[in-house]
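Could you slot chain B onto chain L? The hints should help.
Take a look at the letters that make up each chain.
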Amino acid sequence: MENTAHLLNEIDKKLMILLRDGRTLIGYLRAVDQFANLVLHRAIERIHVNDKYGDMERGVFIIRGENVVLLGEIDREKEQELNSKLTQVSVEEILDAQRREIESKQEKNALLRQRLKQRGINNNLMLEDND
Amino acid sequence: MYELIKHSAWKFKSILKSKHFSLISIKMLPLSLLKTAQSHPMLVELKNGETYNGHLVSCDTWMNINLREVICTSKDGDKFWRMNECYIRGSTIKYLRIPDEVIDLVKEDIQAKSKNRNQQQQQQNRNTNNQQNNRNFGGKNRQNQNRNRNNPNNK
Numbered sequence: 001m002e003n004t005a006h007l008l009n010e011i012d013k014k015l016m017i018l019l020r021d022g023r024t025l026i027g028y029l030r031a032v033d034q035f036a037n038l039v040l041h042r043a044i045e046r047i048h049v050n051d052k053y054g055d056m057e058r059g060v061f062i063i064r065g066e067n068v069v070l071l072g073e074i075d076r077e078k079e080q081e082l083n084s085k086l087t088q089v090s091v092e093e094i095l096d097a098q099r100r101e102i103e104s105k106q107e108k109n110a111l112l113r114q115r116l117k118q119r120g121i122n123n124n125l126m127l128e129d130n131d
Numbered sequence: 001m002y003e004l005i006k007h008s009a010w011k012f013k014s015i016l017k018s019k020h021f022s023l024i025s026i027k028m029l030p031l032s033l034l035k036t037a038q039s040h041p042m043l044v045e046l047k048n049g050e051t052y053n054g055h056l057v058s059c060d061t062w063m064n065i066n067l068r069e070v071i072c073t074s075k076d077g078d079k080f081w082r083m084n085e086c087y088i089r090g091s092t093i094k095y096l097r098i099p100d101e102v103i104d105l106v107k108e109d110i111q112a113k114s115k116n117r118n119q120q121q122q123q124q125n126r127n128t129n130n131q132q133n134n135r136n137f138g139g140k141n142r143q144n145q146n147r148n149r150n151n152p153n154n155k
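Residue numbers (full-length UniProt numbering), protein chains in the order written: chain L, 1 to 131; chain B, 1 to 155.
Bear in mind the hints are in silico, worked out from the structure with no lab data behind them.
Among the hints, erroneous ones may be present.
[As the list claims (entries may be wrong)] Listed below are the simulated EDC-like cross-link pairs for lysine to aspartate or glutamate, each with C-alpha atoms no more than 16 Å apart in a straight line:
(1) B:Lys47 with L:Glu66
(2) B:Lys94 with L:Asp21
(3) B:Lys75 with L:Asp21
(4) B:Lys94 with L:Glu45
(5) B:Lys47 with L:Asp21
(6) L:Lys13 with L:Glu79
Chain L on its own, in the form it takes in the complex:
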């Protein structure tokens, strides 16, 4: 009981949840169970690229517990403080920025792989793209 009580304490609070694929969800936690499966109400998916972010409305989520990396309550005051440093942009803009970021990362990786190969090192394990 003690162990799950910590999650029960988070119920009905506004949480940020980080998934194993790197996605960030924000919403109100409504239910949990012994596997840390979560029900997230009025959820949004937030994408960050540098100092910009964009939100997408997502509704109700049932998240399978094993895919959760971490979750934490969002402090209302600090949220406002942070909003002065970050700028919210439209969904299209943030998706575009994300696509460009991924492409530039892939280009860098390809270049690095090529250079390593020229020097006789062929270690692709180091450079695997993390989803």
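Relative to the frame of chain L, chain B by itself:
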């Protein structure tokens, strides 16, 4: 040790009583919400990034699910497959997205159930009271009979 247990029990009770801890949260589990969502449309994303759009037919306690009229989308969102039905093993699921109204449905469900339970309890209480009364009457009657038997004046 006993103090500790007592304290944690008290703490849990106070959590249950606090206004932030809504009634719905106590009795609703993620999987019971999924069960309520039967026949509703939903989106299921697997761990490998594929998504399945369809209507939920059935689900079990392992989160295995049956879907109807499914559209499967590849990870990059560039390929689509249509199928009439499909079965998804629970352990491959990343998350499910369900319509907003299912949360309201589950609230109604829980309220109806707790009402039923109260009514049943009241019924049971009534029954046990009646039984006790009957027993009492039976006892008195028997006593009366005994008295009658023992009392020769009554004849």
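Each hint, compared with the structure:
1. B:Lys47 with L:Glu66: Holds. Lysine 47 (chain B) to glutamate 66 (chain L) sits at ~10 Å (cutoff 16 Å).
2. B:Lys94 with L:Asp21: holds, 9 Å
3. B:Lys75 with L:Asp21: Holds, because 12 Å separates the two Cα atoms, which is no more than 16 Å.
4. B:Lys94 with L:Glu45: holds, 15 Å
5. B:Lys47 with L:Asp21: holds, 8 Å
6. L:Lys13 with L:Glu79: Holds - the C-alpha atoms of glutamate 79 (chain L) and lysine 13 (chain L) are around 14 Å apart, at most 16 Å.
Checked against the numbered hints given earlier, the structure satisfies every one of them.
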